[in-house]
Amino acid sequence: MPLYHTDDQAMLADTAGGFIAEEGNIAKQLRHWRDRDCKDGFGHGLWKQMAEMGFTGMLVEEADGGLGMGHVEAGIVLEQIGRNLTPSPFLTSSVLAATALKHGSADLRGRYLPGLIAGDSVFAVAIDETARHRPSRITARAEKSGNGFKLSGSKSFVVYGSSADMIVVAARTAGADDDADGITLFAVPKDASGMSHNSVRLVDSAMATHTRFDGVELDGDAVIGEIDGGRAVLDAMLRAGRVGAAAEGVGIARGAMDMTVDYLKQRKQFGRLIGEFQALQHRASHLYSEVEIARAVTIKAQQLCDASAPSADLMASVAKAKVAKTARLAVQEGVQMHGGIGMTDEYDIGLYMKRDRALAEFLGDAYFHANRVAELSGY
Amino acid sequence: MSDTNIADLETFRQETRNWLAANCPPEMREPVRDEDDVYWGGRRATFKNDAQKAWFEACLAKGYTVPAWPKAYGGAGLSPPQAKVLREEMARIGARPPLSSFGIWMLGPALLQFGTEGQKQRFLNEIARGEIRWCQGYSEPGSGSDLVSLQTYGEDKHDNWVVNGQKIWTSYADHADWIFCLVRTDKADKYQGITFMLFDMASKGVTTKPILLISGNSPFCETFFYNVSVPKSYGDDCPAYVGQINRGWDVAKYLLGHEREMISGADNGDRAAAIGAAMKRHAGKTGDELDPVLRAELAMFDVDALAYSAMGEKFLDEIKVGKAHPAQPNMMKYAGTELNKRRHELMMAVGGSRSLEWDSDDTDGGKPARGWLRTKANSIEGGTSEVMLNVIAKRILDLPGA
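Protein chains in written order, with our numbering: chain A, 232 to 610; chain B, 4 to 405.
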C-alpha cells in the first residue's frame, strides 16, 4: 500500500481539517474552557458535533453501529486535533477505549458503544500507577468476590478520568506485580461505589485524575476479554493509542512549525525580516525535514496497525518516539524563534509547547519508546 | 494497478527468478568487497574473472545492464514496476550489478531527458554495452557549493571550442574515456552562459591527477584542460553538447536533483536499516558489551533510521504519482547523509580499538575506518548539507531572501 492518503482519506482530511479548524480552534475550545476553569477541560458541545460528523465511532465495527474505519482515518482526525490543540476525549474514548471494547462481550459493547457513537459518553483509560509510563507493572488488584470482583488500588494520570462515563481499568487478577500474564481489563462505570478521583489540572489545561479504588464491586460482565488474559487486549489498546498519539503529535509539530515559519516572514529586526537570516533558515529547514520524516513513519505505523502486521508494534514505538522528539524540537524552536512574545500567554506558540509536553508523556515518551525499540529488536 | 497487471508482474517475477538462477554465477552473488568486484566497462576495462565476464554478457544480451532504458538504446524496456521486480529479485540472491558507471547513473538519465535522437543512439548504446566509461566534470577549485560560478572556459572558434580550465573531485577521471563537463561559454551571463559538453578524455591537453583522501583511497581526481579542442558536432544529429548551447545549467540542475535522490539512499533498504541488533551481535563476538549509554544512542539512532526508511518509501511512492514536492530530494539527501554519518560513528564506537586497524586482514584492509572516513564526504558531495538547507528554505518554506 502506498504511503500516502487514498482519495477517500484525502477527502476526510479536507473535511476534518475544515471542521476542526472552524469549531475546534484554540480560541473557541482550548482558551474558552481554560479561561472558564472548566472542570471537564473540554467541551461536550464539540464532542456531540464530532459525533454528528461520524468521528466518535470511526474505529467501531459497522456491526456495532460504527464506521469500521482504521488507524489511518483516526489519525487524520487526530492530526487536526493536534494542530488545533483541541481538548477532546477522542483519543481516550474513540481510540483507546473503543479498541478495548472490540474485545468486549456483546452485552458490554451494547452498553457503551451507542453512547460513544452518539457523542453522549466519554471514556477514559486507567493503566499507569506511577508518574512514568510503565504498563509492564500492574499492582491494582481485583479479587474474585461472589459472581464478580472487588477492585482495589490506585491509578495515576487518568486523562479526563472524572468526566468519564466509563473507565477501562487494567488490574491484576493473578500473579506478581511485574508478570505479563494475570491481567484483566474492566469497564468501570462512573458511579461505581468505592471509586474516588483526585482531579488535577495539567500544564496543558487538560484534566486528569489520580483515581483510587477501595474495594470497588464489579459484576463479572464488567470484564473486557478474558480473565487473566487481558495483556493481549491491553497491548492492542496501547498500540492503537500510541499510533493515535503519534498522529496528534504530528499535528502539534506541523502546527507549531507553520506558525513559526509564518512569523519568520513577518517579524523585522535589524531592518530585515528575521526569516532572511541563514541561522534561522537552516534551523527551520532542519525542522521541516524532521517533521516530514515523523509524518512518514506515522502513516507507516497506522497502515501496519490496520493490516495487523507483525511489525506494527515496533513501528508504533518508532513512530511515538520519533514524533515525540520532533514535536519537542518544533515547539522549542517555535518559542525561541518567536522571541519574547513566545513567552507570553497571548501568543499561541506557548500553548503548543505545553500540549506537546503532556502528549509526549501519555503512553510513553521518546525515552520509553526508544528503549522499547531496542528491546523489540533484541538488544 | 489492475489484477491483470499484478498477475503479469507475478509471471515476470517467476521468469526473472528462473533467468537469474540460470545466468547469475554463484561468484557474482558474493558481497562486493573491492571496487573491481564490479565491472565498470570502458576502453581499457578487463574482467576480473570469467564469472564477471559471463554475468556481464548474459545481462548485456538481455538488456539488463540498463533494464529500464528503451530497447533501441540498449536497454530491456522494462516498466517501472518490472524494473522494481528485477531489482528485488537481484537483491534477493545478492546479485552484483553487471555493470556500474556514471554513464548509467548520470549521463544516461540526462540524455534520455534532453538528448537528440542521434546522441541517444550513439552514447546510450555505448554506455549500455560498457564500451565507454564516462566521468563527470562539475566542481572546480573555486566553485564547490557555488557551482554556477565555474570558470572553465570554452572559447568559440566556429566549428569547435577551445577549452581551458580545471575541474576537481572528478570521480575516476583517471579511468574514464569521456567526460560530460560544465563549461562556461558566455562570461556575461552567470546562469545562461554554461554549456553541458561531451568530449574525449584522450583529447590533446587533458591531464588527470588522483587526489589522496583521508580514507587512503583516491577515487577523485583533479582534471586539467589546456587548449583542448572540442568539436561542436560528432556527426548527424549528434551535437557535442546536451540541451542547448549556454543552457547547460538546466541539464546540470536536473542531474543534481537526480544525484541527490541517489545519494539520499531513498531506494536503498540496507543503508536505511536499523543497526542496534547487529551491533550487539558484533560486540558479542569480540567479547565486548554495549555500555548502557551506547545502547541508548543506538536505540535513538534506530528510531531515526527506521523512521527515515519509512520516509524513503513514502518519497518513492509519491514520486511515482507526482505527489512529492520537486525540492524534496534535497530534504532526503540532507537527512539521509547526516544519518549515514551517525551510523558509521556508532559502528566505530561499537568496534572499539579493532575498528582503528588500517590494513589488517581481520578488518579486510581497514574497512571500518576507511568506510567511516568515506561517509564524511556524504554531506559534502552532490551539494553540502548547508546548501540542501538553503534550498529547502527557499523552495519549500519560501523564506525571504533565501
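Source of the hints: derived by calculation from the structure; they are not laboratory data.
Computed from a predicted structure; not experimentally measured.
Accuracy of the hints is not assured; some may be wrong.
Mimicking SDA-like on lysine to any residue, the simulated pairs with C-alpha atoms at most 25 Å apart in a straight line are [claimed, not checked]: (1) K87(B) with L12(B); (2) K87(B) with P233(A); (3) K344(B) with M232(A); (4) K283(B) with S542(A); (5) K499(A) with E389(B); (6) K256(B) with P222(B); (7) K283(B) with N602(A).
Pulled from the structure, derived: some chain A residues nowhere near chain B, Cβ distances all over 12 Å [claimed, not checked]: (8) I257; (9) G406; (10) M426; (11) R432; (12) E507; (13) A525; (14) R526; (15) T557; (16) S608; (17) G609.
We treat Cβ as the ideally placed atom computed from N, Cα and C, and that holds for glycine.
Check each numbered hint from earlier against the structure, then list the numbers of those it violates in ascending order. Of the numbered hints given earlier, those the structure breaks are 3, 12, 13, 14, 15, 16, 17, listed in rising order.
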